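Residue-level listing of the chains:
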Amino acid sequence: MSRLTLTVNGAKHQVAASVDTPLLYVLRNELRLHGPRFGCGLAQCGACTVLHGDQAIRSCVTPVGSVTDHPITTLEGLGTPEKPHPLQTAFVDHQAAQCGYCSSAMVMGAASLLRLGAITPKTSDEEIKTLMNQYLCRCGTHYRILAAIKQAAKAAAA
Amino acid sequence: MTITATEQRFSRRTFLKGTAALVVAIGAPRLLDPRGALGAINPLMPPLGYLPHEDPVGVGPVSVDPGQIDSWLAILSDGTVVMKTGKVELGQGTVTATKQLVADELDVPFERIKHIQGDTWHTVDQGYTAGSQSTGAETGPSGVRQAAAEARAVLLSLASARLGVPVSALTVADGVVSGGGKSVSYAELVGGKPFGAPVTGKATPKPYTAYKVVGTSVPRDTVPEVVFGKFTYAQDVKLPGMVHARVVRPPTLDSKLVRIRGFEGKPPADFLQTVVRHNYVAVVARSEWGAIQAANQLKVDWDVAPLPDFATYHDAMLTMGPSQNQVIQDSKFTSGLDVDAVLAATPAAKRVTATYKWPLQMHGSMGTSAATAIVDNTRQVATVWSSTQGVYQLRQCLATALGFPVQNVHVIYTEGSGCYGLNKADDVALDAAMISQAVGKPVRVQYDRADEHRWENYGNPYTITIDAAFDDSSGTAKLSAWKRDAWTSNRGGRPGPPANMASGILMGFPETPFTPSTTTTPTQPLNFVDGSNSAPSYLVPAARLTNHTVQLPFLTGPLRSPSRIQNTFANESMIDELAYAAGVDPVQFRLQNLNDERLITVIRTAAQMANWQPRPAASKLGTGRYRTGRGIAAMWYEGALGRNAAVVQVTVDTKTGKVTVDHVWSAQDCGPAINPDGMRLQAEGCVMQGISRALIEELKWTPDGITSSDWVKYPVIRFEAMPAFDFQIIDRKDQPAVGAGEVLITNMPAAIGNAIFDATGKRLRQVPFTPARVRAALASTA
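Here the protein sequences line up with chains G and U, keeping their order.
Under this note's numbering, the first residue of the first sequence carries the number 12, and numbering increases by one thereafter.
Under this note's numbering, the first residue of the second sequence carries the number 139, and numbering increases by one thereafter.
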């Protein structure tokens, strides 16, 4: 058991945890953040995606002890209804969620790609598809997600 | 054979191996008082203000009377309209569409309508939210549209009395009734009070042509909550004092528990106890991570019941017996035509016999199923939060399992990960309730990915043989005979009996016995497109359709377009094979064998959208490595719901066997489109899921167990496979509204198979069309 200090969505939290506990359970059960969700526990689907600094990570397989060095951002911390992130605006505009269980994968995954400059207004559809291929959606909302990411890339660059 | 279950569960988690975790947050949110917490969890209860701050655990009504307006609608003192439906939002958009109907019937703004869905204390039992039935149910005489029309009549009558103006002189706008220079709002008339009036059946809903909100693409109000992380899924329901549980499954469904050997060394931190009943094992811990570790580390010995041979199960279904055999259509009983005699008299060139195979497939919800339950053994009451498609049916199941009267079990629907049918939402609710009963605490259960993948009620496997013929002696090729035998396997199903699902079987509840039977008197008229699309949507003078059901050791249950997609794959492939044999363009062949004008319109529209060039299939074969072709499929869903035609263009890599869907064009007639963008979104989902099921998805196993245990071993479609998609809605405001969730997907596999044939001249008759199967077809001389 260790005492760890995590910065999550701009606030510092002290947690007592063994360092190998997956970050997901600390976020969901101790900090009550439900944006990141359990999908597979195997880093295969992306439903648990959060930002570690600017990098998208799979919180279901990331030991909490390994992420104290950079701030963590979840869906809740990316933007608010009052001050939405361009991706959140675009996902609402394009109705880019059916059940929405994959929204941490899609929104946080794309947010990282925007921050890292991997997706810009000039990125082609095919390149975005390749970059987003690591994230699973079962409802088949891919068309809307692609359109939303393109809109957000333009808005973020403006 | 006895093996330990531990190795297979633990091996993939070595990266996390180490000391157990106890996570304690400093300054974690304080536990709320139970009622406040429950109110926050169930947003449908206290916040709306009209319900008392009731404890959701207790004895409720046996049923909610569908004959009372109050069972469907309430108007709060601030003018908010509360819509109450047994049909629930699964991510498909049905609640938004239904609110649009209420907005138009009552003339209130869409934003003023809140809703309560799927709550055994507060909503009418409308059956399952399934099978594309919600739109038809809610717009029909027993749905919320009728209730809203009744409510409007009551409100106008009250307003007439209050204002002294005849009803005929009243108008409504924005929830305010006006006439004779005076006005009164709905809130002033009945706000915060019950209607106290029956659904008479006499009120007439407005026609679709008079609607203003219906027919527009109102955005779904759940989307902002979802993308800001504010949405409460069934996976997010938490109760004060709650403990966490996970199941520990045997290698196969019919395996027997030999003994629980326990943990090697100390149990994981937070571990509380095991719960064992018959062959059912679960672990309970104070924390979720503790429960996960305990499930992974608990050593259990099982006597393994082996699974049948994977390579031969499609053929084995035909001979394994015992079986249930039922002739559903036979022209001998109507026109007297004997299909065997017609076939025997047909020249070989005008007759095609083929067998089509469909695998077991999974729902594959992105989130593993979860439920939370409180069972109070002293008061004999239980409350369960579940993403079930049928709260009443689940209530019955849980009451049976717990040994409580039904009114003592309260099931509250909470949306989960998309289910597409009977995923494991009901099974996990049974887990949560039974474990809570055993430990005397509120319990949350969420499955491991392998528990979800390996323990589903899968979509049914099929082997379908069709022997069919055409007659072109008149100069036009017309279907003349259609003899079809479909074999499937069925075990378990939706709740009702607890043993319809895995946990119930493992707990030792009795399964519904499988009784062999044979019926030769047809149950349906000829050419009747039944609820399973057993018959093609075309006219055939001589036909016999027979269903055969056996029981493989796999649980099955409805999966998006259940049986309809399998039957349509066979039917629409065979239609294409007959068109090819007749040397007729596949679109033209369909049109000349149809009499349903709406389906004809849909086919013509899709062909036009795709700029379809009439010619027999496979008459312009390419020669290079990459070959492109186009195929069509069309059908009338269940012979009662939507009509759809899909044209698909594929490119086949003849070296690797990889099939790429390049473009999909589809036209669809579901009557009036209540929310056109919602219908389009469903169609997009149908394209992606349809390609996934046609090209990739197949449950696999060895004798020792199901091996399709995760997203690598059971892959689904990803972004890179998105085709171009053009979709056209044929909006028929003069017709009843029907569901649109499963229409296009039903055509996708056959359309893809037909396109592969057009590209290569080779017919794929087994789904999925994997690269190996495509290569084998290309290498064959058939």
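Note that these hints are calculated values from the structure, not bench results.
Please note that a few of the clues may not be correct.
Unchecked claim - The calculated lysine-lysine pairs, modelled on DSBU-like cross-linking and capped at a C-alpha distance of 30 Å, are:
no. : chain 1 : residue 1 : chain 2 : residue 2
1   : G       : Lys-140   : U       : Lys-340
2   : U       : Lys-344   : U       : Lys-252
3   : U       : Lys-376   : G       : Lys-94
4   : U       : Lys-376   : G       : Lys-23
5   : U       : Lys-344   : U       : Lys-758
6   : G       : Lys-23    : U       : Lys-368
7   : U       : Lys-796   : U       : Lys-616
8   : U       : Lys-376   : U       : Lys-344
9   : U       : Lys-871   : U       : Lys-900
10  : G       : Lys-165   : U       : Lys-368
11  : G       : Lys-161   : G       : Lys-133
12  : U       : Lys-252   : G       : Lys-94
13  : U       : Lys-495   : U       : Lys-616
14  : U       : Lys-871   : U       : Lys-495
15  : U       : Lys-368   : U       : Lys-579
16  : U       : Lys-851   : U       : Lys-900
17  : U       : Lys-793   : U       : Lys-900
18  : U       : Lys-437   : U       : Lys-579
19  : G       : Lys-140   : U       : Lys-796
20  : U       : Lys-368   : U       : Lys-252
21  : U       : Lys-758   : U       : Lys-900
22  : U       : Lys-320   : U       : Lys-495
23  : G       : Lys-165   : G       : Lys-133
24  : U       : Lys-838   : U       : Lys-488
25  : G       : Lys-161   : U       : Lys-368
26  : U       : Lys-340   : U       : Lys-871
27  : U       : Lys-340   : G       : Lys-161
28  : U       : Lys-488   : U       : Lys-793
29  : U       : Lys-793   : U       : Lys-495
30  : U       : Lys-838   : U       : Lys-793
31  : U       : Lys-838   : G       : Lys-140
32  : U       : Lys-376   : U       : Lys-579
33  : G       : Lys-94    : G       : Lys-133
34  : U       : Lys-394   : U       : Lys-838
35  : G       : Lys-140   : U       : Lys-344
36  : U       : Lys-376   : U       : Lys-488
37  : G       : Lys-161   : G       : Lys-140
38  : U       : Lys-368   : G       : Lys-94
39  : U       : Lys-851   : G       : Lys-140
Since this is a predicted model, take the numbers as computed values, not measurements.
A quick look at each hint next to the structure:
1. G:Lys-140 - U:Lys-340: violated (54 Å)
2. U:Lys-344 - U:Lys-252: holds (21 Å)
3. U:Lys-376 - G:Lys-94: Satisfied, since the Cα-Cα distance of roughly 28 Å is no more than 30 Å.
4. U:Lys-376 - G:Lys-23: holds (24 Å)
5. U:Lys-344 - U:Lys-758: violated (52 Å)
6. G:Lys-23 - U:Lys-368: Distance of about 21 Å is within 30 Å: holds.
7. U:Lys-796 - U:Lys-616: violated (35 Å)
8. U:Lys-376 - U:Lys-344: violated (43 Å)
9. U:Lys-871 - U:Lys-900: The given pair, whose Cα atoms are some 42 Å apart, is violated under the 30 Å limit.
10. G:Lys-165 - U:Lys-368: Given pair Lys-165 (chain G), Lys-368 (chain U) holds - Cα atoms ~26 Å apart, limit 30 Å.
11. G:Lys-161 - G:Lys-133: Given that 30 Å is the threshold and the Cα spacing comes to 9 Å, the pair holds.
12. U:Lys-252 - G:Lys-94: holds (25 Å)
13. U:Lys-495 - U:Lys-616: Since the Cα atoms of Lys-495 (chain U) and Lys-616 (chain U) sit roughly 26 Å apart, the hinted pair holds (cutoff 30 Å).
14. U:Lys-871 - U:Lys-495: Not satisfied, since the Cα-Cα distance of roughly 39 Å exceeds 30 Å.
15. U:Lys-368 - U:Lys-579: holds (27 Å)
16. U:Lys-851 - U:Lys-900: holds (28 Å)
17. U:Lys-793 - U:Lys-900: Since the Cα atoms of Lys-793 (chain U) and Lys-900 (chain U) sit roughly 14 Å apart, the hinted pair holds (cutoff 30 Å).
18. U:Lys-437 - U:Lys-579: holds (25 Å)
19. G:Lys-140 - U:Lys-796: Since the Cα atoms of Lys-140 (chain G) and Lys-796 (chain U) sit roughly 18 Å apart, the hinted pair holds (cutoff 30 Å).
20. U:Lys-368 - U:Lys-252: holds (17 Å)
21. U:Lys-758 - U:Lys-900: With Cα atoms ~13 Å apart, Lys-758 (chain U) and Lys-900 (chain U) stay inside 30 Å; holds.
22. U:Lys-320 - U:Lys-495: violated (68 Å)
23. G:Lys-165 - G:Lys-133: Within the cut-off at roughly 9 Å; holds.
24. U:Lys-838 - U:Lys-488: Not OK: Lys-838 (chain U) and Lys-488 (chain U) at ~37 Å, beyond 30 Å, violated.
25. G:Lys-161 - U:Lys-368: Holds, at roughly 24 Å.
26. U:Lys-340 - U:Lys-871: Holds: Lys-340 (chain U) and Lys-871 (chain U) sit about 22 Å apart, inside 30 Å.
27. U:Lys-340 - G:Lys-161: Outside the cut-off at roughly 51 Å; violated.
28. U:Lys-488 - U:Lys-793: violated (33 Å)
29. U:Lys-793 - U:Lys-495: holds (24 Å)
30. U:Lys-838 - U:Lys-793: With a Cα-Cα distance of about 25 Å, the restraint between Lys-838 (chain U) and Lys-793 (chain U) holds, given a limit of 30 Å.
31. U:Lys-838 - G:Lys-140: Holds, at roughly 28 Å.
32. U:Lys-376 - U:Lys-579: holds (12 Å)
33. G:Lys-94 - G:Lys-133: Holds. Lys-94 (chain G) to Lys-133 (chain G) sits at ~25 Å (cutoff 30 Å).
34. U:Lys-394 - U:Lys-838: Roughly 22 Å separates the two Cα atoms, so the pair holds.
35. G:Lys-140 - U:Lys-344: Answer violated: Lys-140 (chain G) to Lys-344 (chain U) is near 45 Å, above 30 Å.
36. U:Lys-376 - U:Lys-488: violated (64 Å)
37. G:Lys-161 - G:Lys-140: holds (11 Å)
38. U:Lys-368 - G:Lys-94: Since the Cα atoms of Lys-368 (chain U) and Lys-94 (chain G) sit roughly 15 Å apart, the hinted pair holds (cutoff 30 Å).
39. U:Lys-851 - G:Lys-140: Satisfied, since the Cα-Cα distance of roughly 22 Å is no more than 30 Å.
Going down the numbered hints, you'll see the structure goes against 1, 5, 7, 8, 9, 14, 22, 24, 27, 28, 35 and 36, while the others check out.
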